[in-house]
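Starting from the known structure of chain A, fit chain B onto it as the hints suggest.
Chain residues, written in single-letter form:
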Amino acid sequence: MRWGMVIDLKRCIGCYGCQLACKAEHGTPPGVYYARVLKKEDGEYPTVRQFALPVLCNHCEDPPCVAACPTGASFKWEEDGIVDIDHDLCVGCRSCMMACPYTNRYFNDQPAHYFAQGMTPFEQARTERHQRNVVMKCNFCRDRVRAGKLPACVANCPTTARYFGDLDDPSSEISVLIKERGGFTLHPEAGTGPAVYYLPP
Amino acid sequence: MAEISAKYEQLIHDLRQDFRPQREWGEGRGLFLVIGHFLVGVAAGAWLFGLLFDYPPGLFAGFLLAGIGGIAHLGFLGRPERFWKMARHVRTAWVARGFAGLTLFLAGAALYLPPLVFTAWPWQATSAIGWLGWLMAAAGMIILIVYMGFVYSASKGIPFWTSPLHPLLYMTYALRGGAAALLVAMAMLGVPTEEIAQRLITIWIAITAFLIILFVLEMQGVLTSGNAAARRSAREMLSGRFAGYFYGGTLTLGLLVPLALLSGKLVPLSVAVLAAVGLLSALGDFFMKYTTIRAGIHAPLELRPVRMR
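As you go down the protein sequences, you meet chains A and B in turn. The first sequence begins at 10 in my numbering and counts up by one. The second sequence begins at 116 in my numbering and counts up by one.
Okay, chain A solo, but in the shape it has when bound (with noise of 0.2 Å):
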C-alpha cells in the first residue's frame, strides 16, 4: 500500500480552494502553506497557455529529506508510504529543505496567528499542536486518511481535480489515470519517485 494523488491540470481552476481547505484543516501559521497553488505559462507565442499547478509534499518513494535528517524527525511510513515529521525529535537545521526538489518544506518561526489583534478561537483551536522553530509539510492528512477520510485538498477540490487512492493497486483510479492520461511526476531527474502525478493540462 503506497498513498498517492493525482492532480488533473485540465481540471483545476486555480481557485485556491486546496490552500484554504488545507489551511484550515491544519491551522498552519503564516509562512506555511502544505498546500499552494502557483501560476504558470506553457508553450510559446501565439500558442501560449496559463495554467494553475498546485504543489504539495510528493512523499517521494527515496524522499531525500528523510536521508538528510539528523536525527530521523523526517521518515516515511512503513504502512502507507507517507513521508512525516515527528516534531519532537526535529532540531530546526533545515537540510530536509535543501534535500527537497520540490522546496514544499517550511520553517515555522512565525506568529502563530494572522491578525494584529492575535489569535481568533479557530486559530487557538488549530495551531495548539504546531511546535514553533521546527519543519512543517503535507502528511496528506494521515489522520483523516485513517479515519476513511480523504485529504481535506481532496475533498474540498470544487473542480474534483484531485483523486487520492493507492499506488500499489494497479486497478485504483489513481493508477488507471496515470496510465490512461500519462501522468506525470515533477522533477522526474530527481529519481526521488514522488507519490503526487500530474494529468496534462
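Since the hints were made in silico from the structure, they are not lab data. Glycine included, each C-beta is placed from N, C-alpha and C at the ideal position. Hints are not guaranteed to be accurate.
[Claimed, not checked] Estimated spans, in silico, between C-beta atoms of each pair: (1) A:A125 / B:L304: 23 to 33 Å; (2) A:I22 / B:P195: 54 to 64 Å; (3) B:Y123 / A:I22: 56 to 66 Å; (4) A:I22 / B:Q132: 16 to 26 Å; (5) A:A33 / B:T367: 45 to 55 Å; (6) B:F330 / A:F131: 51 to 61 Å; (7) A:A33 / B:R356: 35 to 45 Å; (8) A:F193 / B:E124: 29 to 39 Å.
Only chain B this time, still in chain A's reference frame:
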C-alpha cells in the same frame, strides 16, 4: 512584529518567483551556520597543519575555533536544546556525521591538549589516554574536513550546490583555512624557524592555486551544463546580488592582496605580513562560503514533460 511581517512578505514574494532564493541558510540567524561552517573547516585544517608542523599553538587554535564553531552551529538551530539528537541518523545524514565528527574532535582534543600545557596533569600526551585523545581528534578532523562539502552536495533542492566538485572544493577550503590559521598563530606567537614559515607559505600558495583550478572547473561546469537554477546561482555570484562579496571579499581581499603582500614588492616580508596574509586569506574564504550559500536557488517547479494539446 514589523520584522516578522517583513519576513512573511519576503516569503510570499519568493514563493511567486520561478527562481526562489534559499534564505534559511545564510540569512538572519542562518548567518550563524555560515560562521559555524567556516570556523569548523578552519579548525580542522589548523589541527592538521599543527600536527604536520609539530606546532602545538596550531592545535590549540584548532580546538578553540572548533568550539566557537560548534556554538555558532547551536545558535543557528531552531531548537538548540535538542542538539544531541543530531547523532541519531549518522547512517545517511551528512549533518549527523558532521556533528559526530565535531564531538569526536572536541572530546579528543580535550584529552590530548591539556598535558601539553600542564606538566602536573594526571596523564601525559604520550600515555594511553593521550593517544586515545590524539586518535579521536585525528578521526574527528578527517570527518570535519570531508563532511561539509557533502552536506551541500546532498542538498538536491539547490542545484548550484550539487556539483560533484563541491566536496573537494570544501576540503580545499579547510586546508587553506588551516594554513592561514597557522600563519596567524606563528605571527602572534613566534615563528619556530624561518624554514617552517617558508614551507607554510609555499603550501598556502599551492593550495590556493589548486582551489582556483577547482573553482574555475566548477563554475565552467555549472555555466555550461548546469540546469537553469544552477546557472542563475552562478550569475548571482559572479554578476548579481553577491558579486560585491565575491570580487571585493574573495577575489581582492582573499587572493590578490595576500599574493601582492607575499610577492615582497609592496612591503618586505615580515611577521606582520604573515599575519595579514593569514587573516585576509581566511576572510576571503569566509566570503566565498557566504556567497556560495547565499547564491543558492531552489530548483524551479516546472512542467517540462508537458506539451500543448
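For each hint, the structure was consulted:
1. One distance hint, 23 to 33 Å for the beta-carbon pair A125 of chain A and L304 of chain B, is violated here, with the actual separation near 57 Å.
2. The hinted range of 54 to 64 Å is not satisfied by I22 of chain A and P195 of chain B, whose Cβ atoms lie roughly 45 Å apart.
3. The hint said 56 to 66 Å for the Cβ distance between Y123 of chain B and I22 of chain A, and at roughly 27 Å that hint is violated.
4. At roughly 23 Å, the beta-carbon separation of I22 of chain A and Q132 of chain B lies within the given 16 to 26 Å, and the hint holds.
5. Range check, A33 of chain A to T367 of chain B: Cβ separation about 54 Å, and the 45 to 55 Å hint holds.
6. One distance hint, 51 to 61 Å for the beta-carbon pair F330 of chain B and F131 of chain A, holds here, with the actual separation near 53 Å.
7. One distance hint, 35 to 45 Å for the beta-carbon pair A33 of chain A and R356 of chain B, holds here, with the actual separation near 37 Å.
8. Distance hint check: the CB atoms of F193 of chain A and E124 of chain B are about 34 Å apart, consistent with the given range 29 to 39 Å.
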